[in-house]
Amino acid sequence: MSDKQLVLREIMGALEELGKRPVSVTMETSLLHDLSLDSVTALDFIMQLETRLDIIIPMDGMAEIETIGDLVGVLTRSTSKAA
Amino acid sequence: MLARFRALRSDLATVTAVGRDPFGVAFDAILSATEAILDGKRVLLLGTNNYLGLTFDQDCIDSAVAAIMAQGTGTTGSRIANGTYGGHAALEQRLARFLGRRHAMVFTTGYQANLGTLSTLAGRGDHLLLDADSHASIYDGAKLGNAQVTRFRHNDPDDLRRRLRLLADQPGEKLIVLEGIYSMLGDTAPLREMVKVKREAGAWLLVDEAHSVGVLGAHGRGLAEAEGVEADVDFVVGTFSKSLGAIGGFCAFDLDDFGALRVAARAYMFTASLPPSIIASVFQAIEAMEAQPQLRDILRRNGQHLHAGLAAAGFALGAKPSPIVSLPMPDSETAIRFWNQLLDAGVYTNLALGPATPGGRPLLRMSVSAALTPDQIDTAIAALTQTGQRLGLIAVGMAAAE
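Chain order of the listed sequences is A and B. So that you can map any letter, position 62 of the first sequence is 62 in my numbering, and since no number is skipped, the others follow by simple counting. So that you can map any letter, position 38 of the second sequence is 38 in my numbering, and since no number is skipped, the others follow by simple counting.
If you are wondering where the hints come from, they were derived from the structure by calculation, not from laboratory data. Hints should not be assumed to be uniformly reliable.
DEER-style ranges, computed between Cβ atoms [claimed, not checked]:
# : chain 1 : residue 1 : chain 2 : residue 2 : range
1 : A       : M12       : B       : D254      : 35 to 43 Å
2 : B       : D331      : A       : S80       : 24 to 32 Å
3 : A       : R77       : B       : P171      : 37 to 45 Å
4 : B       : D257      : A       : M27       : 47 to 55 Å
5 : B       : D331      : A       : R77       : 45 to 53 Å
6 : B       : A3        : A       : G13       : 31 to 39 Å
7 : A       : G13       : B       : A264      : 24 to 32 Å
With a Cα cut of at most 16 Å, we get these calculated EDC-like pairs of lysine to aspartate or glutamate [what the hints assert, rightly or not]:
#  : chain 1 : residue 1 : chain 2 : residue 2
8  : B       : K143      : A       : D54
9  : B       : K143      : A       : E64
10 : B       : K41       : B       : D28
Treat the numbers as computed from the prediction; the structure is a model and nothing was measured. Glycine included, every Cβ here is placed at the ideal spot set by N, Cα and C.
Construct the complete structure from the given sequences, taking the supplied hints into account.
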């Protein structure tokens, strides 16, 4: 499984845990507008992903995350670094 | 210019549509540490953080008046520009002596104490590890600096350990930031376990004792004293605006070369220093806090009294008894109605809404004071119980059945 596929699977799992799984998630899905994650919920969501993937996303790296695609990008980079 | 606040304005309109503006309450008069006049009516203050009730302590008032008469109303500038007054230095020494530290540095507010300390202590290449439920001033202090910021799960030593393990290979100092008592729910940090993690990782530890100085520990030095781990806490941050009844903040420590922060911390350098009256009343409040340890016992009893009364009424309470008692609300609308109806019944509390609350869940937050009498607490419990029953949050007659 590629890093990207792994990351996507974990994102779906984390969304489910949060009770936020929408009908479909695309790379363009917005965390704020489509998934209704406010600033703090988004931080908690990313924290869940950090635990699942055993990585750290520094807080300054979170500012650039607006969509699922952004999130996949940041998580994939961190996962590759950790490996 | 203000267009981006449209959503915020709409949220606020929803909140105020139910009744008053909970974020814009304007009292007609403050009568004491426990009572005020609002809209011509006497209200009981159950949301002040005035833990020891020292805002009306006669000795504190007299000291403030004497200082203002002798030295004027303000310093009109920062200490690096306008100089240090005798009171500033004396208060820093007094505070250090009280906390059993070698040095203390006074800031103009508690918010600025965190802003100045965190943004400066940890520099580029260093790491700040913040508890997820940290106060906004901690987040803002971290944001103002250049350190890499990592957030760990609230009160979770294992998550902190995991993150420190992932950072182990990275150069730079690691500074863990915790709070003695977390302001929203009143829960305390598992400090002994956290200290263990700190030692394993060779990290530094800062504890913000804003809500725990004067409240916890045999001498009121906070959670670190209560847990017997003061030697493992490298920096203590706190405020003068809660137990000490005024305004201002501090950082206390044992490092001798910490003085450089006075010419590096922007939140210290580029703001006016505390006026003589505040310095004098805080100095006196430390004296009062030391001379009257019974205030802490009364405070503890008052917290237990309110907690037990609400639990007996059937309310589900989050944390263990503490001077902060928070009622989780099912939704924002109920929280707003609860807060308004309680104020109609003459009890002032704090309405706390997401995202400022843990998990974004709405809370009705209360804090007790040593100045509250048992009768006042019973009055508050009765008003809270009636309001809770009216809103269907607790069953009618639950208290009687206990």
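**Violated hints, by number in ascending order, as checked against the structure** = 1, 2, 3, 5, 7 and 8
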